[in-house]
Amino acid sequence: MNGLYKLSELDANLVEALSNRATELRRGATPARYEGLALGLLFLAPSLRTQASMQRAAGLLGLDLVQLTGSSMWKLETGDGVVMDSDAAEHVREAAPVLSSYVDALCVRSFARFEDLASDLADDVFQGFAQHSSVPVVSMESALWHPLQALADRATLDQLKVSTRAKLVLTWTWHPRSLPHAVANSTVCMAAQRGMDVVLACPKGWELHEEVIAQAKLLADASGGSFEITNDPGATKDADIVYAKSWCSLESWGDTAGESFKKLELRDWQVTPDSLSAGARFMHCLPVRRNVVVSDAVLDGPASLVQRQAENRLHAQTALLEHMLSGPAGCESPLQLPAEVGA
Amino acid sequence: MNGLYKLSELDANLVEALSNRATELRRGATPARYEGLALGLLFLAPSLRTQASMQRAAGLLGLDLVQLTGSSMWKLETGDGVVMDSDAAEHVREAAPVLSSYVDALCVRSFARFEDLASDLADDVFQGFAQHSSVPVVSMESALWHPLQALADRATLDQLKVSTRAKLVLTWTWHPRSLPHAVANSTVCMAAQRGMDVVLACPKGWELHEEVIAQAKLLADASGGSFEITNDPGATKDADIVYAKSWCSLESWGDTAGESFKKLELRDWQVTPDSLSAGARFMHCLPVRRNVVVSDAVLDGPASLVQRQAENRLHAQTALLEHMLSGPAGCESPLQLPAEVGA
Amino acid sequence: MNGLYKLSELDANLVEALSNRATELRRGATPARYEGLALGLLFLAPSLRTQASMQRAAGLLGLDLVQLTGSSMWKLETGDGVVMDSDAAEHVREAAPVLSSYVDALCVRSFARFEDLASDLADDVFQGFAQHSSVPVVSMESALWHPLQALADRATLDQLKVSTRAKLVLTWTWHPRSLPHAVANSTVCMAAQRGMDVVLACPKGWELHEEVIAQAKLLADASGGSFEITNDPGATKDADIVYAKSWCSLESWGDTAGESFKKLELRDWQVTPDSLSAGARFMHCLPVRRNVVVSDAVLDGPASLVQRQAENRLHAQTALLEHMLSGPAGCESPLQLPAEVGA
Chain E
989 MNGLYKLSEL
999 DANLVEALSN
1009 RATELRRGAT
1019 PARYEGLALG
1029 LLFLAPSLRT
1039 QASMQRAAGL
1049 LGLDLVQLTG
1059 SSMWKLETGD
1069 GVVMDSDAAE
1079 HVREAAPVLS
1089 SYVDALCVRS
1099 FARFEDLASD
1109 LADDVFQGFA
1119 QHSSVPVVSM
1129 ESALWHPLQA
1139 LADRATLDQL
1149 KVSTRAKLVL
1159 TWTWHPRSLP
1169 HAVANSTVCM
1179 AAQRGMDVVL
1189 ACPKGWELHE
1199 EVIAQAKLLA
1209 DASGGSFEIT
1219 NDPGATKDAD
1229 IVYAKSWCSL
1239 ESWGDTAGES
1249 FKKLELRDWQ
1259 VTPDSLSAGA
1269 RFMHCLPVRR
1279 NVVVSDAVLD
1289 GPASLVQRQA
1299 ENRLHAQTAL
1309 LEHMLSGPAG
1319 CESPLQLPAE
1329 VGA
Chain X
989 MNGLYKLSEL
999 DANLVEALSN
1009 RATELRRGAT
1019 PARYEGLALG
1029 LLFLAPSLRT
1039 QASMQRAAGL
1049 LGLDLVQLTG
1059 SSMWKLETGD
1069 GVVMDSDAAE
1079 HVREAAPVLS
1089 SYVDALCVRS
1099 FARFEDLASD
1109 LADDVFQGFA
1119 QHSSVPVVSM
1129 ESALWHPLQA
1139 LADRATLDQL
1149 KVSTRAKLVL
1159 TWTWHPRSLP
1169 HAVANSTVCM
1179 AAQRGMDVVL
1189 ACPKGWELHE
1199 EVIAQAKLLA
1209 DASGGSFEIT
1219 NDPGATKDAD
1229 IVYAKSWCSL
1239 ESWGDTAGES
1249 FKKLELRDWQ
1259 VTPDSLSAGA
1269 RFMHCLPVRR
1279 NVVVSDAVLD
1289 GPASLVQRQA
1299 ENRLHAQTAL
1309 LEHMLSGPAG
1319 CESPLQLPAE
1329 VGA
Chain H
989 MNGLYKLSEL
999 DANLVEALSN
1009 RATELRRGAT
1019 PARYEGLALG
1029 LLFLAPSLRT
1039 QASMQRAAGL
1049 LGLDLVQLTG
1059 SSMWKLETGD
1069 GVVMDSDAAE
1079 HVREAAPVLS
1089 SYVDALCVRS
1099 FARFEDLASD
1109 LADDVFQGFA
1119 QHSSVPVVSM
1129 ESALWHPLQA
1139 LADRATLDQL
1149 KVSTRAKLVL
1159 TWTWHPRSLP
1169 HAVANSTVCM
1179 AAQRGMDVVL
1189 ACPKGWELHE
1199 EVIAQAKLLA
1209 DASGGSFEIT
1219 NDPGATKDAD
1229 IVYAKSWCSL
1239 ESWGDTAGES
1249 FKKLELRDWQ
1259 VTPDSLSAGA
1269 RFMHCLPVRR
1279 NVVVSDAVLD
1289 GPASLVQRQA
1299 ENRLHAQTAL
1309 LEHMLSGPAG
1319 CESPLQLPAE
1329 VGA
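Residue numbers (the numbering used here), protein chains in the order written: chain E, 989 to 1331; chain X, 989 to 1331; chain H, 989 to 1331.
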């Protein structure tokens, strides 16, 4: 396993095994120790859960930590052939191999910048690191994908024995800002790969990118699940899992004012107790804006899985790093692959 | 021991035992090791001593570190029922339990914000973490209290065998900015709990909050000490210990311009060699503005205890964390409680 | 060895031994372990390589880390006798001994501030820490010197068996900003101490400080090398090593607009394939502005040593800290001094 850009690039059996290992770790299994190896954490975007849980995962695995934040380093350039006479002082073509020479794996967080849709769709910062590093590069959220969140969410569903054929509705919600697509993209693909009946519910114009939709359909076909899109906010009402998230319209990329105007009438795209049927569970990646994205009553009630999702970030990441580093350190991976694969 | 908000919430015997343990550690005693446990450090305010000494204390105790600063995470909301459509992206109701799931104790630094006196008097950020965390929460300075400074100062007085009946004068000093009350509150209560004769010297209008004064009096009554207030800047002249600190007037909370005007004539509230009698010692929590709060001659002379106070931050914190973590880790606390308690 | 301000303050034999040890570490030698000791890293200026490689070096040596950045601490004053009623809240006279009481060695990064030439020439921030600390203080780049870069560059030249009499040309390059002299000063002195034929090539008015030039000449005299200055940009064409760097004119210190105007016609001071003879190698400390300081073709071609230089930062620093800490920790230094010294 050579880094991780999106969860769905992993074989379905490996995803299942990583989820199972995360659950074992949650129940107290002892992680492998990789003393003498080092993990690089590069945060070009803010973070609470990811920073804290990656630091802790490194501690549990005995890894040395190398930590950098965007504010304490040089502004990065990613373009090819650029004459660097503006504000970027360092090119990813230098930064990536240099950091690679100090660590055994490099984790990078870099959000969509909303300056240029093409750059964000190319995921230029993450891909720059992935391409120019000599060690595995793991996304801690890029412009398009958040694989560690997806793996934690998958472990959460598995731990609670949510049926693989349950219905998961990812519903768009109103939000005062224009947010990236990474979690939304990752959620539909994770659920489709798990075999679930996945519904994307959003206002017209807020559909996810066509390539993501195509991927989710392919994953659903392979797993025996399904994927469809609706513009009906009431779609949550017969869901087993309601996953809430806001994201910006592809039609208004980088145009915050324009999008704000377009969504003036959409404030009731909010998850409230009325949005959920009896027995339905609520998910969100956090941070979440209370009484904007979801009402206090849902978040503080028994339907909410958000704390378990966040806790599983630690276990999922520990499982992933443990597996990824198992080769170079000479340890065997502690993963138990499903029987049909392990045989 | 379930976290720490202010030093005086601890039994007087425990405070004494922690101070003694800090002194043992200063003399080279070996701290307990808590490998496999993790300490969270959350800095929502700047820091030199606290950051550095907490990092080192964690190292000495073998703890994994999880470190976050306000600038690299989301702006926090603390209010109940708030519609979060402004700039705060995360509520302490999520942040506290999430961080709790990654660490075994959580330390939080959050100054008074001077936006709203009621919020600061409620110490809303620290209390939000304390209320919503599932692990012990330790203050690394909140709006109202700085218990780790108070414990280090207590250890400093004990190490130097300053009489428990010595006279400690906490004197207000002029300062170009409006500063919080945390150290001033903590100093008078620490000294009153130690049994000292405590005098608060400040200009009229700069008295500490009436509830703090009431607490200091109660602590003095219980310990056999005393507490009084004077507006005479000459009160330092017969003190054994002169503790200098600036803080803002409760009457001008958040009104920097108003307070600046009110204190135009108060620049000679500064500690100089003339402020101290022979044999008196000078204390300050640092950072200190030279030749504004205290003159070079005092700070660089033999009366100054500021370096020992700062060094004791490390030992006091190591002692406190060692004791606090002694339960969950299965180790016994290395504290020797005073005889009348240990019997 | 009590700290490090500039590489040339070390005996030539010690520099050689440290370079050799760096190469051993690069080849897989096991560093000494200093468990129980702590290293302080204080970053008052941005950094990618230095931060990351110092964190990793500490991990390899088993050191506890205490890390502070300028943005999370108080603004520092360095002047003597100053009335601190402006924006600096803490004096280096307090900060240095306080941090010294938490760690066993303190590393400081503080660039030239371009406010006042005299302060920068006095290297007031670094010297403040060096003077007031009770533990060794190591420069991670000060206003005038970058000894860790110089040691890594020395190790790079030694690893590649570049002749000690090879010709090294340090060439000034155009750059959109006004940059400090630390790397330029360190490079000419490192190469002169190594015995190389050193040429400083720069436009008229961009010569390095006369004291640095005098030092480089003395070092060259002692080593059997040479040092000269030219204003000819073509001087690189018969070099074995072309080291590129931009720095500001001493005549325009702090006057960015003035310098920008003066260098309007100097944009062709850029290293391109035409600047290098066959077999010449290219060096730069990074970060580097592509197609401004040096063209892509050079940086991505076989002449470029920049990745090895950056990787050697880790090994050189590990060697230096390992040697410096060998006394207090009771371990012997793993250094093999050259025969004429070791005898």
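The reader is advised that the hints may include incorrect statements.
Unchecked claim - Cβ pair distances, simulated, as ranges:
id, chain 1, residue 1, chain 2, residue 2, range
1, X, E1199, E, R1165, 54 to 62 Å
2, H, R1021, E, L1148, 43 to 51 Å
3, E, R1165, X, G1246, 14 to 22 Å
4, E, S1074, H, P1261, 22 to 30 Å
5, X, R1153, H, T1018, 52 to 60 Å
6, H, R1021, E, S1122, 54 to 62 Å
7, X, L1238, E, S1107, 13 to 21 Å
Claimed, not checked - According to the in silico footprint, chain E covers these stretches of chain X (three or more CB under 8 Å from chain E):
id, segment
8, 1059 to 1071
9, 1078 to 1089
10, 1235 to 1246
As the list claims (entries may be wrong) - Straight-line Cα separation of at most 25 Å, SDA-like style, residue types lysine to any residue; simulated pairs:
id, chain 1, residue 1, chain 2, residue 2
11, E, K1149, E, G1242
12, H, K1192, H, P1290
13, X, K1063, E, G1242
14, X, K1063, E, E997
15, H, K1192, H, D1146
16, H, K1063, X, A1110
I should point out that these hints are in silico values taken from the structure, not numbers from a laboratory. On a predicted model such as this, the values are computed, not experimentally measured, just so you know. Even for Gly, the Cβ is constructed at its ideal location relative to N, Cα and C.
Outcome of the hint check:
1. About 40 Å separates the C-beta atoms of X:E1199 and E:R1165, a value inconsistent with the hinted range of 54 to 62 Å.
2. A hinted range of 43 to 51 Å holds for the C-beta pair H:R1021 and E:L1148, which are about 44 Å apart.
3. Checked against the given bound of 14 to 22 Å, the beta carbons of E:R1165 and X:G1246, roughly 35 Å apart, lie outside it.
4. With their beta carbons about 24 Å apart, E:S1074 and H:P1261 fall inside the hinted range of 22 to 30 Å.
5. In this structure the hint that X:R1153 and H:T1018 lie 52 to 60 Å apart at CB holds, the actual value being about 58 Å.
6. Between H:R1021 and E:S1122 the beta carbons are some 26 Å apart, a value that contradicts the proposed interval 54 to 62 Å.
7. Taken as a hint, the range 13 to 21 Å is violated for the pair X:L1238 and E:S1107, whose Cβ atoms sit roughly 52 Å apart.
8. Proximity of the segment 1059 to 1071 of chain X to chain E, defined as three or more residues with a beta carbon under 8 Å from a beta carbon of that chain, is established by the 8 residues found.
9. A count of 9 residues in the segment 1078 to 1089 of chain X with a Cβ less than 8 Å from any Cβ of chain E is obtained; the coverage claim is therefore met, three being the minimum.
10. By the rule of at least three residues with a Cβ nearer than 8 Å to a Cβ of chain E, the coverage given for the segment 1235 to 1246 of chain X is violated, with 0 such residues.
11. A distance of roughly 40 Å separates the Cα atoms of E:K1149 and E:G1242; the hinted pair therefore is violated under the 25 Å criterion.
12. Using a Cα cut-off of 25 Å, the hinted pair H:K1192 and H:P1290 is violated, with the two alpha carbons roughly 31 Å apart.
13. Annotation: proposed proximity of X:K1063 to E:G1242 holds, straight-line Cα distance about 22 Å (limit 25 Å).
14. For the given pair, X:K1063 sits about 33 Å from E:E997 by alpha-carbon distance, which is inconsistent with the 25 Å threshold.
15. With a C-alpha separation of about 32 Å, the suggested pair H:K1192 and H:D1146 falls outside the 25 Å cut-off, and the hint is violated.
16. Restraint check for H:K1063 and X:A1110: the C-alpha separation of about 29 Å exceeds 25 Å, so the hint is violated.
When the structure is compared with the earlier hints, violations turn up for hints 1, 3, 6, 7, 10, 11, 12, 14, 15, 16 and for no others.
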